[in-house]
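J.: In case you want the letters, here they are:
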Amino acid sequence: MDSYDLFGLERGKYMKRKKIKKQTIIGLIFLFPAAAFILIFMIIPLIWNFGLSFFEWNGNSAVQFKGFDNFVTLLTTKAVTSSITKSIFIALVATVVAMGLGIVYALFLYRLRRREQKIFRFIFFSPAMLPLSVVGVLFIFVFANDSGILNSLLEAIGLGSLRRAWLGEPQLSLWVIAIVQGWRQSGVVMILTTTAILGLPKSLFENGILEGTTYWEDVKYIILPLIKSSVNLLLSMMLMSGFKTYDMVYAMTKGGPGEMTYTVPMKIIQLGFSYNRYGEAAALGTILTVIATVLILLSRYSMRGETYEY
Amino acid sequence: MLKKKMAGILCSILAVAVILGGCGNSGNPNENDTGNASDNKPAVTLMIEVGGYAPLEKAVEMVKEKFPDYNIISKEWSIDGVKKAIKTTYASGGEESIDIAFNSATGILGFAEADMLMDLTPYMEEDTKWSGSLQEKALSSCTYEGKTYGIPWQTAYPVLVANVDIFDELGIEIKDDWTYDEFIEVSKELKENDYFPLGVSTGNSSWLIRQSYLNAFETVEELDAFNNGETSVLDEKVVEAFERVAYLYENNYCYPGEGAIAATDDECKAGMANGKIALYAMTNGSVGAMTEEMGIENYRVINFPSLSNYSAENLLGSPDVYIVPANAKNKEAVIEVLKYLTSEEVLTEMANMGTVVPLNEVTTEDPNYLEYSKDIDRLHPEDFANLSDEIGDYISTGTAMTTYLYEGESALDELERMREALVNNQ
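In the order they appear, the protein sequences are chains A and B.
Residue numbers for the first sequence follow our numbering, so the first one is 1 and each next one is one higher.
Residue numbers for the second sequence follow our numbering, so the first one is 1 and each next one is one higher.
Isolated chain A (complex conformation) (with noise of 0.2 Å):
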């Protein structure tokens, strides 16, 4: 009986141990493609960038090997690290407002009823939906100095002191840029907060309904404790899509007045195509990795804490 047992017994690991490698491998093929294009469009790129990042290369002669040169000599000019600065400002405000206003979006969203929630979310998330520049050149209407949508309803309402120069002016135009960014985001940080709230368990709000807690206490310690890890994630990409904005940029400003609203983006760009550096350009991109992993490593870090299980 034993025997019989123990043939029984290891017949059935080895089954099982066969079905784990086949759906192992199965899933192996159906990660292939992936795996393939991110190799391919992704990894190999970075790695060649980086490599570039210590050699002179004007596009058309041999490469030439300069050490750390290109980063010194990027990290000491003035109009770089000005595009730096303001990529890192961009980077950051929008995370603020994207995070703060879809955050909000969502807490109002979950009061609403169902029907209420769909057409509040449709809403909400339809300039996501919309690209970068077209949201871009429909803001330059919007803050047009003479005759734009906004000073022209400020002058409406009595408030014609308040009229700006809002794409004009070096510093507001730069707040500007990263509010419209944010406000862009805000509706891909609804989604995915509203899903993170619809997916905890009644049972909690529950017993705060017979202690007679209001809203906003049910908010403040029942659900955004709970959905920290899903804020944690959303705060990383928030700040990498803010690290890459250019599209925007472009779209509003075009980089100016002059080259005050100059993204790194931009300037990789422009040392790139129109001053044949790429060296230069490739070592400026792998500084804005590295800044803004430093940056997305520091805010998973302050936002770490106890995960709760439910």
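In case anyone wonders, no lab produced these hints; they're calculated from the structure.
For each residue, glycine too, the CB sits at the ideal point set by N, CA and C.
A couple of the hints might just be wrong.
As the list claims (entries may be wrong) - Computed footprint of chain A on chain B, listed as stretches where at least three residues anywhere in the stretch have a Cβ under 8 Å from a Cβ of chain A:
1. 78-90
2. 102-116
3. 249-260
4. 267-278
5. 291-302
For chain A, the structure is supplied; the task is to place chain B on it using the hints.
T.: Same frame as chain A, but now just chain B:
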């Protein structure tokens, strides 16, 4: 169960259709093929058409009619797009190439330095009838280290279009060649009557400073020294040039006042069309089309002011040229097309449509042609901004002037750093 199966089948069909559609022809609406690849016609790719600019559209049309045996592909041109297109096709080393593109004469420096352009000198020397028909001054601005890298097709320079109704209303005389002080007096009077003296869009704002420093020096030698990078940007004459332009912006003489340095084309056109701007800056070749677009009937074309009290001789401007990247395929066919594009036949047709062409003898049906071309002899293509791509970008994008407006003289330090770096490398 059946529903699930049907849904699965439909999704699979949709996925396959999307994949096949994505793998198919890009159907780029900006590309116009006149032949099939299977016809084995030599292909010539042009990147010269600018959306809405009729003379270039006409030129491409004429080329297609003239060369039915060639596969003429036309791509939409843009100032950033042409650089990217040429450099990426060059770097990729593949079959695709841009065969003829257009750029400003000053913009070909970067390409020439990187050996990305075909040397057209042998072809010019061989066909003296062709080279002899073009203005020598225009041709000379397309040379770099003794080699010809571009063939001019248009001579562009800025002019001012004056709204005559405004000046008549205020009884102000419109003059060509206002000195700086005279221009300021006129501007004050216009501003007091709630008109903006000047409309300059952000893309053209660099004209003001370039014109100002081109006329900032009393002698030709001083100007040449500055244009060659021998004179410091911190020289008092250069700083004065910046100050003169800054005065216009600080006193809100430029439309729409605050933030004028960032005024878009559309904003300025709207301001001119609504009768708020007295003088609008535009290129000579676009006067006809733009005044029609803005609905301005009673206007007069006047010289762009020197913005200086020292000199009024020099006018910024340079030819727009056709260039041939060094990786162009079917070189003989490309040269044939290039010769035709810059022939008397095509250039005369473009002149009839308002383009100021660099032909030695022009016979045109456009009665206003003389008006658009009267300042050709004043052109001074040599410009400090042409010393390098970096300096050119810094000035031409308006960065130099914008930074000066917001940071004062310290803004010139960056320009001086670029000048010194260039001089040290030479």
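J.: Against this structure, judge whether each hint is valid.
T.: Tested hints:
1. For the region 78-90 of chain B, the stated coverage by chain A is satisfied: 5 residues place a CB nearer than 8 Å to a CB of that chain, which reaches the threshold of 3.
2. Check on the region 102-116 of chain B: 5 of its residues sit with their Cβ under 8 Å from a Cβ of chain A, so the three-residue criterion for coverage holds.
3. Given a C-beta distance limit of less than 8 Å, the hint that chain A covers the region 249-260 of chain B holds, as 6 residues qualify and 3 suffice.
4. Residues of the region 267-278 of chain B lying with their CB closer than 8 Å to a CB of chain A number 4, which satisfies the three-residue condition for coverage.
5. Remark: the region 291-302 of chain B is not confirmed as covered by chain A, as 0 of its residues place a Cβ nearer than 8 Å to a Cβ of that chain, below the required three.
Figure legend: structure checked against the earlier numbered hints; the only hint not met is number 5.
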